[in-house]
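Got chain P; can you put chain U on it based on the hints?
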Amino acid sequence: MKPARRHGISMVDVGNALWALILPGVVLVLAILAASGNAALAARDRGTSVRVGVFSPFRETGRLLRQQRRSVLGADSLLWRIGGSGLVIAAFLAALAVPVGAIVPLDIPVGVVWFNAVDVSLWALWWLLGWGSNSVHPLIGGYRFLAQALAYEIPLMFALTAPAIGAQSLRLTDVVTAQQPIWFALTIPVAFIVYCASVTAFSAWGPFALPAGTDIAGGVLGELSGVDRLLVLAGRWCLLVAGAAFAVPMFLGGGAGPLLPPALWVLVKTCALLAVFLLLGHAMPAIRPQRLAELGWVVVLPLVLLQLLVTSVLAVMGKG
Amino acid sequence: MATIVFWVAAVVAVLAAAAVFRVDSMARATYALAVSFIAVGVAVLVLHLDFIGVITILMMVMEMAVMAVFMVSYMGMNPALMPMDMTHSKRPAAVIAAAVFVGLAAAALLIPWPARAGTAAADTTRALGEAIMGSKMLVMLTISPILFATIIAALVLANPRGRYDRLGDDLRDAPADPEQGGIGR
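Protein chains in written order, with the numbering used here: chain P, 1 to 320; chain U, 1 to 185.
Bound-form chain P, shown alone:
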């Protein structure tokens, strides 16, 4: 979407195009790592063999690939499959905006808003997943996700605004440059925490996994089988990875760091944040969506707004 360059195709363009091609692969590998790590943690909690646990995502993948896909009478297959396959695509689109060293595959001036647009598309995708299946429990799961989204989305929007105000730009490379001495995770911690919580919430994972909860027979996952189920499960992990990756330019200083090249730092920071997500996700109890709404609007929203006020005042003073 950027204006055409006058002097032909440069090396950076070639690098960007190549990265955009291999990016889905990288996201998938990280998603598999996250799923394995999660399975290992779950096995440790249960007291079963961690080594067996680590490989359970692979066994599950093999099983789902062989399984015949079922459908329900009267299911809206088109909408159902759009919802199911959309999660992975949304994760790739979000990860596309992350600058990796000198390579910025999607160098638009409004990268922050881009991520927001992608995360809003999850409202539609999770609901379609519930609606399309034409059965009760997935439908309840879809509505649960929307209730949850009402609670986290507005705080998330303001949490995304804070780094943009700190950097006085919506372009991600500018946001990275603005954190050169000190990361936004340290200067605007409330926004960072709200962002991390929202990422797990839009992935319907960890404490926010009730849209797919066992109390409603798997919720949105309820009627999914075979490759459809595989796509949704993979989509959740990919979303978690994309959320962690996007936090790197927004809050964790981008590729800045000693010794290693910037691209590697982005990877290291993404993996570190993913590990934190996994550990905290296992340590925290599930939060019911109906309780989350009050929490999100009465407690979290004022806190984020206060954070935004402080950031804005500091930005204006620093400028003047």
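Heads up, a few of these hints could be off.
What the hints assert, rightly or not - In silico contact screen, one side only, chain U against chain P (beta carbon under 10 angstroms); selected entries:
1. Arg28
2. Asp50
3. Ala65
4. Thr125
No wet-lab data here; the hints were simulated from the structure.
No residue lacks a Cβ here, since even glycine has one placed at the ideal position from N, Cα and C.
The following block gives chain U in isolation, referenced to the frame of chain P:
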């Protein structure tokens, strides 16, 4: 390249908008409209209005997700769950639609549009922000409270149980809510 993307987006926008009235389910109609809006957003992106383009997609997808819920829940009976016709008052609607289309198309083709004066700002997002927050600030200041008051008024009218119902006249009783809120009130 930009021309191709623009035309593809334009055709998708029109086809998806037409699909809104051809499909037989509320959910499909809603999301066909969402696809149409996304295509419009892409067309705007091609014009290098990055912020407007992305924000159009963001707002419209969110809006359609909410609209689907309201359409289904306010549909009474449950035709929202059955195949149903998405059109009514067909003849007047067709006449109005045709007249508006001809009028707009004629305007687009026949008006002698002026040539562009000056060049676009380097950062269109900043230019837009300065226009809204600068010279048009008075308009925004007037509209914002009115919109906000409308939202509050609608909520007050629609709310079946306000805080006086929940907490008593002196706002001190323990609420008898079917579901407890998240912060123990």
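Hints violated by the structure (numbers, ascending): Per hint list: zero violations.
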